[in-house]
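Engineer: Heads up: the sequence lines are chains A and B, in that order.
Oh and the first sequence: position 144 is 144 in our numbering, straight run, nothing missing.
Numbers in our numbering are just positions in the second sequence, counted from 1, shifted up by 273.
Some clues are possibly wrong.
Stated by the list, open to error - Dumping the calculated DSSO-like pairs for lysine-lysine here, alpha-carbon to alpha-carbon at most 30 Å: (1) B/LYS442 to A/LYS102; (2) A/LYS120 to B/LYS491; (3) A/LYS149 to B/LYS491; (4) B/LYS511 to A/LYS102; (5) A/LYS163 to B/LYS491; (6) A/LYS16 to B/LYS491; (7) A/LYS132 to A/LYS149; (8) B/LYS491 to A/LYS102; (9) B/LYS516 to A/LYS120; (10) A/LYS194 to A/LYS161; (11) A/LYS102 to B/LYS526; (12) A/LYS161 to B/LYS491; (13) A/LYS3 to A/LYS149; (14) B/LYS526 to A/LYS79; (15) A/LYS102 to B/LYS416; (16) A/LYS3 to B/LYS491; (17) B/LYS516 to A/LYS102; (18) A/LYS132 to B/LYS511; (19) B/LYS298 to B/LYS343; (20) B/LYS442 to A/LYS149; (21) B/LYS491 to A/LYS79; (22) A/LYS149 to A/LYS102; (23) A/LYS132 to B/LYS516; (24) B/LYS457 to B/LYS343.
Unchecked claim - The following label-pair restraints were derived from C-beta to C-beta distances: (25) B/ASN463 to A/HIS202: 47 to 57 Å; (26) A/ARG108 to B/VAL473: 28 to 38 Å; (27) B/LYS416 to A/TYR88: 25 to 35 Å; (28) B/PRO476 to A/LYS132: 25 to 35 Å; (29) B/LEU279 to A/LYS161: 42 to 52 Å; (30) A/GLN59 to B/LYS416: 34 to 44 Å; (31) A/PRO112 to B/GLY447: 25 to 35 Å; (32) B/LYS416 to A/ARG109: 30 to 40 Å.
As the list claims (entries may be wrong) - Examples of chain A residues lying across from chain B (beta carbon under 7 Å, computed): (33) MET50; (34) PRO74; (35) ASP75; (36) LYS79; (37) LEU84; (38) VAL92; (39) GLY94; (40) VAL95.
Treat the hints as calculated values from the structure; they're not laboratory data.
These numbers were taken from a predicted model, which means no experiment stands behind them.
Where is the CB? At the ideal position from N, CA and C, for every residue including glycine.
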Amino acid sequence: MAKLEIIDLHVSIEDKNILKGVNLEINENEIHAIMGPNGNGKSTLLSTIMGHPRYEVTQGSILFDGENVLEMEPDERSKAGIFLGMQYPQEVSGVTNADFLKAAINARRDTPVGLFEFVKEMESNIEKLRMKPDLAHRYLNDGFSGGEKKRNEILQLLMLKPKIAMLDEIDSGLDIDALSIVAEVLKEEQKQRKMGLMIVSHYERFFEFIVPTHTHIMMDGKIVLSGDESLVTKIDQEGYDWIDAKRADEMVEKRPISVASKVLREALGDSDD
Amino acid sequence: MIDSGLHIERISVTNNHEFKQVFPKNTNGSYIVYIEGSGKLDVELIFEENAKWHVLWINESDQNLIIREKIYLNRDVMLNINYAELSSGNHKKQTLIEMIGNGSYVHVKGAAMVFNELYWDLQAIHHARHTYAQLDNHAIVLKDTKFEIEVTGQIDKGYSQSETHQSTKVMNLGHKSDAIVFPKLLIDENDVAASHAASVGRPNEEHIYYLTSRGIHKDDAMRLMLKGYLLPITEDIKDETIKERLITEIETKVDSQWKTK
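Whole structure, please, built from the sequences with the hints as guidance.
Structural biologist: Take a look at the structure:
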């Protein structure tokens, strides 16, 4: 039973605090939608879980099946079963998709994957995603359109079979037909392998294809609201302003508590924390 | 003088060594040369009219070696020449390509991995009309090493409708390494085309992260990327024997530096 736990996670980039205490738990077979306005830490959260070297964890922890993820290199996190479909996949000229994927698969095995077995699986996945058949021999994302890059991320997911996959705006750059193909493939894969999913997206449309079991709203480096899939529709119709207003109300309510009175209340065991 | 077809030579240099080869009129084929030893090597390659050849030089010397190479291209010669400078040792090289016949063509593609020191002065000198030179080099400069390459395309007055192009890409892997590219175009004629591109960079951290995020160990990611950096130089090589040898040479040398985990 795969479980990813994010506990009180604080993350900064070049001394700027981006995440300010994120708590989240994702189990296998759960689909979590993470929404929120741009620049509030969604991509930072995903990249930190994957181990991007730019992000510094200043507080908190990430556990995967009880193991400390923060002590692992990105390749170890991947091999443990975590995957990140990136918002902006890198173009790596000179390295073919086939060589890259073979290296990634072999890193998970004691003996190298058989060529026939590998080609067969890759071809079948390329067909599922309706990608161009020459993909294997093309350089990794080099000269790919936005949509092709995103499909290539899903191809990698299918080949690497993670336990928990994070998708960072995987729907951007995809037209409606491509979106339905990707969502369909993803849905089937999720169902079959009971994969846990963590999906960052701005659009309700994607969540119509893949219905989340949990929805979280992230603002100012924290998860400010969690609910079920109905939250997606509310955001789509009303935006985020109502959450801002709700938070402002909460802050007004709390404002009268002075530091001194808080200390006093804590001492009496009457803390609201 | 040699006939058309495939020829493989091995030059063993001791002290001063001279080597001359004439590629006769209207011949064509593939010519592969391995160089080893130390000292000074003077090379003269003469391509007679309408000779069409594909040449591969593999420098296997791991000692001190100075190579002076003069290549003469007569009328309508078509020369594709590849260099594999992928061995250790201190090497100094001068390659002068003298395009003395109208309509002569040369395409140089070089792959270098610098283990110690490599200085290379590469020149295409257009002494005739309607000549074409393209000089492409990719180099990887390892830690604590030195690499200098000077690439010159020269078209003198009167040699119109000629083209001289060059591109040099260098990846520098060490903080204390020196990698310098001098791209030069010396043009004294109006009716010509010329271009140059040169870059010296470090491995892209985002690329490494992307590859490692798929489970590939950092060393393996480097290995894949470095091969990816050098192997494009083998693209479009029509001679399959030469292409295969060059690919093997690059792969073996990169693998020797970054072992698979």
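Engineer: All the hints need checking, so say for each whether the structure fits it.
Structural biologist: Structure-based check of all given hints:
| no. | hint | in the structure |
| --- | --- | --- |
| 1 | B/LYS442 to A/LYS102 | holds (27 Å) |
| 2 | A/LYS120 to B/LYS491 | holds (28 Å) |
| 3 | A/LYS149 to B/LYS491 | holds (23 Å) |
| 4 | B/LYS511 to A/LYS102 | holds (27 Å) |
| 5 | A/LYS163 to B/LYS491 | holds (22 Å) |
| 6 | A/LYS16 to B/LYS491 | holds (28 Å) |
| 7 | A/LYS132 to A/LYS149 | holds (12 Å) |
| 8 | B/LYS491 to A/LYS102 | holds (15 Å) |
| 9 | B/LYS516 to A/LYS120 | holds (28 Å) |
| 10 | A/LYS194 to A/LYS161 | holds (11 Å) |
| 11 | A/LYS102 to B/LYS526 | holds (21 Å) |
| 12 | A/LYS161 to B/LYS491 | holds (21 Å) |
| 13 | A/LYS3 to A/LYS149 | holds (28 Å) |
| 14 | B/LYS526 to A/LYS79 | holds (28 Å) |
| 15 | A/LYS102 to B/LYS416 | holds (29 Å) |
| 16 | A/LYS3 to B/LYS491 | holds (26 Å) |
| 17 | B/LYS516 to A/LYS102 | holds (23 Å) |
| 18 | A/LYS132 to B/LYS511 | holds (25 Å) |
| 19 | B/LYS298 to B/LYS343 | holds (18 Å) |
| 20 | B/LYS442 to A/LYS149 | holds (26 Å) |
| 21 | B/LYS491 to A/LYS79 | holds (13 Å) |
| 22 | A/LYS149 to A/LYS102 | holds (18 Å) |
| 23 | A/LYS132 to B/LYS516 | holds (27 Å) |
| 24 | B/LYS457 to B/LYS343 | holds (19 Å) |
| 25 | B/ASN463 to A/HIS202: 47 to 57 Å | holds (56 Å) |
| 26 | A/ARG108 to B/VAL473: 28 to 38 Å | holds (36 Å) |
| 27 | B/LYS416 to A/TYR88: 25 to 35 Å | holds (30 Å) |
| 28 | B/PRO476 to A/LYS132: 25 to 35 Å | holds (29 Å) |
| 29 | B/LEU279 to A/LYS161: 42 to 52 Å | holds (47 Å) |
| 30 | A/GLN59 to B/LYS416: 34 to 44 Å | holds (36 Å) |
| 31 | A/PRO112 to B/GLY447: 25 to 35 Å | holds (31 Å) |
| 32 | B/LYS416 to A/ARG109: 30 to 40 Å | holds (32 Å) |
| 33 | MET50 | holds (5 Å) |
| 34 | PRO74 | holds (4 Å) |
| 35 | ASP75 | holds (4 Å) |
| 36 | LYS79 | holds (5 Å) |
| 37 | LEU84 | holds (6 Å) |
| 38 | VAL92 | holds (5 Å) |
| 39 | GLY94 | holds (2 Å) |
| 40 | VAL95 | holds (4 Å) |
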